[in-house]
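Chain residues, written in single-letter form:
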Amino acid sequence: MEKVSFYDQIEKNKRDSLLLMLGVFVFLLAFAWLIGELYDPAVAFLFLFIALIITLLHIFISYNYGDIIVLSSVNARPADEREHIYLINTVEGLAIAAGIPTPKVYVIDSPEMNAFATGKDPQHASIAVTTGLLENLNRKELEGVIGHEMSHIKNYDIRFATLVAVLVGIVAIMSHMLLRTYRFGGGRRDSRKGEMGVIILIGFLLAILAPVFTRLVQAMISRKREYLADAGSAELTRYPEGLASALEKIKNINTGKMPVSEAVSHLFFVDPTRTALDSMFATHPPIEKRIEILRSM
Amino acid sequence: MVEFIFGLVCIVGLLVLALLAFVAYYYNRIIVLSNRIDNAWSQIDVQLKKRADLVPNLVETVKGYMKHEKDAIKMVTDARAKMMGAGTVEEKMKAHGELTRALKTILALAENYPQLRASENFRLLQEQLEGIESKIAYARQFYNDSVLSYNNMISTIPGVWFAGFMGKTPRKYFEIEEEERESVKVKFEE
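Just so you know, the sequences run in chain order B and P. Numbering follows this note's numbering, with no gaps: position 128 of the first sequence is 128. Numbering follows this note's numbering, with no gaps: position 15 of the second sequence is 15.
Next up, chain B with everything else stripped away, as it sits in the complex (with noise of 0.2 Å):
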């Protein structure tokens, strides 16, 4: 039984992100047709072969490339062989228990608790840890985190949780990296006047647009991906005790206050800018619950 509905769920993934991308294409061609019709009808041809190209260039690179769009968003390194050797070999070893190619690791330098996975299918794969989760955890319960991040590598929530973010949430992205830089970048305060000017516009552009596209991601997101991915991570390690007792330090020792994206929240294995809160714009159920449900299995 739970067979067909893991197949299930690969086959919702990918319908999907099809639709996803569809409904994209459609609805940003309809909005620059709009703007030209309005703006003068004489060139509203014109507009609409424009905005076609950059469409069809978003939604091509949002497929192909959105995994490093993340990746960069979030400053993860890739996970270096000497140093993380007891890391890379935990994902080694879930891949091969997975029946799937061993994904790239990468390393988010942060003291909070957290991990994610990206990419468009099992082949095209990234995992993230951050230092935190590395430092407080042990052998059996990282296992039981990568179980959870390869149950999502395995059963394409990759493919549209990262679709979703990008294609969707490039705005909000856009914005926090522009934010980021602005203000750790304090060296570049000589550049030309005119240039900052148009930065600072541009920023304050995005800003404004940001939380509508974050309220987009989080409303095309379902909160039950996480409890299968846990059910994933359970029936790869055969040890659900591991991941509840990763759940437990995680709800003890994290502050919710990791600078990333809102729209990229949603990929990650807790969420990364709230606490164990329950809310309607939550993108993951309340570990209590994740961990009750684990114990019981």
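Read the hints as simulated data drawn from the structure, not as lab findings. Careful: at least some of the hints might be erroneous.
Straight line, CA to CA, 30 Å or less: simulated DSS-like cross-link-like pairs of lysine-lysine [what the hints assert, rightly or not]:
hint : chain 1 : residue 1 : chain 2 : residue 2
1    : B       : Lys14     : B       : Lys104
2    : B       : Lys140    : P       : Lys94
3    : P       : Lys63     : P       : Lys49
4    : P       : Lys172    : B       : Lys140
5    : P       : Lys172    : P       : Lys50
6    : B       : Lys104    : B       : Lys120
7    : B       : Lys249    : B       : Lys224
8    : B       : Lys257    : B       : Lys104
9    : B       : Lys140    : P       : Lys50
10   : B       : Lys140    : P       : Lys104
11   : P       : Lys74     : P       : Lys50
12   : B       : Lys104    : B       : Lys140
13   : P       : Lys172    : P       : Lys49
14   : P       : Lys49     : P       : Lys74
15   : B       : Lys104    : P       : Lys50
16   : P       : Lys92     : B       : Lys140
17   : P       : Lys92     : P       : Lys172
18   : P       : Lys172    : P       : Lys104
19   : P       : Lys82     : P       : Lys49
20   : B       : Lys104    : P       : Lys49
21   : B       : Lys12     : B       : Lys104
22   : B       : Lys257    : B       : Lys140
23   : P       : Lys49     : B       : Lys140
24   : P       : Lys50     : P       : Lys82
Starting from the structure of chain B, add chain P where the hints point.
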């Protein structure tokens, strides 16, 4: 009359098509499942080979410190030699059990040598060995899962009808030996 024959031909044609689709589905399914087992075995094989390759390095590192543990070291090198010489799946499974036990013993003994444990080289080797050990466990789990779905397929209806024609028989699980499950007892003599 013509219409009747035409209708009949259509129905028979559809039935034949449905039958063909049915046969193709189950034939392919059995082939896919049996290939998955072979693939799962090669995953185990890769890890077994990697571990065997680490052994000379381990022996070299350990030799200088563990002068009084000649027997334990010899056990490891012997088990490795057996592993390298093993040809069939059964032989490899057996040699794997022996090497696992020998390595567990030597790693447990290493606990008594603080200088050895402090060496960077040893720590890296130990991490690699532990990593491979858990990868072998996971590869075995995947192998056994694959065997289970294959065996289920060819022993239930309708898979069992096809298995007969295709000459497919149930495959064996990769069991671990009883001794291997027991924790290693290290004797502290003198």
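query: Can you give the numbers of the hints that this structure goes against, from lowest to highest?
result: none
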